[in-house]
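There are 2 protein chains.
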Amino acid sequence: MVSTIPISDRYRLKTSQLDMPPRLLLGPGPANVHPRVLAAMSTPPVGHLDPSFLTLMNEIQDLLRYAWQTDNELTIAVSGTGSAAMEATLANVIEPEDVVLVGVKGYFGHRLVDMASRYRAKVHKLMKPWGEVFSLEEIKTGLEKHRPAVLALVHAETSTGVRQPLEGIAELCRQYDCLLLVDTVTSLGGIPLFIDAWGIDLAYSCSQKGLGCPPGASPFTMSSRAVDKLHSRRTPVANWYLDMGLLTKYWGEERVYHHTAPINMNYGLCEALRLVAEEGLEQRWQRHQANAELLWRGLEELKLVSHVDQEFRLPTLTTVRIPEGVDGKAVARKLLDEYNLEIAGGLGELAGKVWRIGLMGYNSRPENVLLVLEALAQVLSRR
Amino acid sequence: MVSTIPISDRYRLKTSQLDMPPRLLLGPGPANVHPRVLAAMSTPPVGHLDPSFLTLMNEIQDLLRYAWQTDNELTIAVSGTGSAAMEATLANVIEPEDVVLVGVKGYFGHRLVDMASRYRAKVHKLMKPWGEVFSLEEIKTGLEKHRPAVLALVHAETSTGVRQPLEGIAELCRQYDCLLLVDTVTSLGGIPLFIDAWGIDLAYSCSQKGLGCPPGASPFTMSSRAVDKLHSRRTPVANWYLDMGLLTKYWGEERVYHHTAPINMNYGLCEALRLVAEEGLEQRWQRHQANAELLWRGLEELKLVSHVDQEFRLPTLTTVRIPEGVDGKAVARKLLDEYNLEIAGGLGELAGKVWRIGLMGYNSRPENVLLVLEALAQVLSRR
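From first to last, the protein sequence lines stand for chains A and B.
Under our numbering, the first residue of the first sequence is numbered 66, with each subsequent residue one higher.
Under our numbering, the first residue of the second sequence is numbered 66, with each subsequent residue one higher.
Among the hints, a few may not be true.
[Unchecked claim] Mimicking BS3-like on lysine-lysine, the simulated pairs with C-alpha atoms at most 25 Å apart in a straight line are:
hint : chain 1 : residue 1 : chain 2 : residue 2
1    : A       : 314       : B       : 418
2    : B       : 205       : B       : 193
3    : B       : 314       : A       : 394
Hints were generated in silico from the structure; no laboratory data involved.
Please take these sequences and the hints and turn them into a complete structure.
See below:
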């Protein structure tokens, strides 16, 4: 047993216990979470096939159906962050040579293009400036031209703060016999979203924004139309970890072991979803809208300009133009260093041009709006 | 803002707060975790690009290098469970038509075959009965015959309780110009393991066994030889979430956003790794060995037979043959229902034939050995 190879202590760090700063997270997520969710995260784990855990999984599925307003049987939490759930939607329905049309109006549209191409889809893009939305007419023209098997759109673009209206798109998709795939990462739990009523076939989200849980277990749902495409595949899903054919045997009645679920992440997610159900969606959406409007009025008073027209502005995430001559990065760093307050800069085309201020889930509270406005005022006046 | 679509309360469950049973997890993992790890899990999150989090990421990398005894620069935690890290090793080095040789002597060997084939490798299998190990000679013959680009072996087979000796295999792999990929899911943090001294090019593990953390963030490491293969790819990595070309820009000095890391999972993993460093590897390996031997002696006294020869038996996970006429599933269920004690049944070929008893990480303690032996004695005598 005793090894003859000497053990190296080169990386045997001597450090103290975990000690993280008390941040208020008003960026694009993660956001702070309710104390009940934190308590759930530290509950001693049970096994991934324990009867008590299987009951919890069922509960998560139902509560996700409520949050998403769907009856979809295939509604689960993917064992990874939102990007894993994003990849799961594409991986399960794309077969090589399938045409996929992606509406690109921000960073996450580009990510969908990148991911879809790795599954060997023929990817076409519908482009729009960062900060704008697609009209029904533009989408119809795109479908007519490309005849895709899948149309992928971002409901709430985390890079631009734009809400893409989705009403009417499903009818077009049915007309052109195509699945509708929607990114709801920054909308679920924060703004009106109706998977079934809007005819969405595939959707994914994350835990750390509108749902108010730490990141690590991510909502995924698939309509029966999409499941039909999965079942009629000619090739295996080109991703084992995210293969819904295998995952539904674990999340469904068969309870066949696939992977060891992230137990404590599911505890946290379940508790966060319970808080959503307790509050109620209508109340929750109104709270997000009211606090966002409070923020928008305050920003105007500071003479700061929102990047997006109010009609299409996300209450969960606001993009604010950085005024001429201001070093946006330095301002964000000062907020962090002096007030433990996180806001984010822009991504991609909007890097250096906007700040992103999030009011998501547990963090959508008037006191947080007041603080971020006052802190911004202080830091900007000191230039 | 106010939606005209009525909100359905069909899935709006009214449930109480999270309330999970107090299990002692002596199956194949997850195992129970140290209270300091649980406390870390419930620390309020910071952002995934917060300077304090970047420091934590560096610390995780160093502590993983210690636990694995490697200098590999590319040593990170994958944002998913062990199966995701498993898929990451294959996805990053396999290109279509690459020959991959997998040593199959249990359930997880078969999983490697399935995963590798999804990345369009030409997969060949080296087979061995469940409970045995490969000799150097058998491996040499396989390399000679198949001339693979990658040889994949399972160090600690969680389905059989077997430890595959790894000394000498790297020399063969270099002779045949092939990368050595090793599953260390049930060995890391529990038994002697030397990534560099044994010449392992790719390895993955999980957090919930020998490391003593809940599942959800998983160790991954890659030698410079393997990184060379990644850098010289002709095709993109066929998996966006696990693409090490992108992930190293986040974990490395560039700090380019890739995905939102599971913050609290990384808190837990870091704290678990600190506990490994505090205890020291030699001490930890000896503790696992001593408690396993205590278990083995006790099982013998109960006239229960271990499935694996003592020479190749894993101290982290023991497979015990279910005696003739005993309903193994019913026994496990009784242990759970009456004593909150989890042990597992067999997988695949060993389903119904063995129990699997794990003594991993924080759970490898004499009091747990005593309890499982006494509980087994009670339940078996009552037949």
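Violated hints - listed by number, lowest first: Structure breaks no hint.
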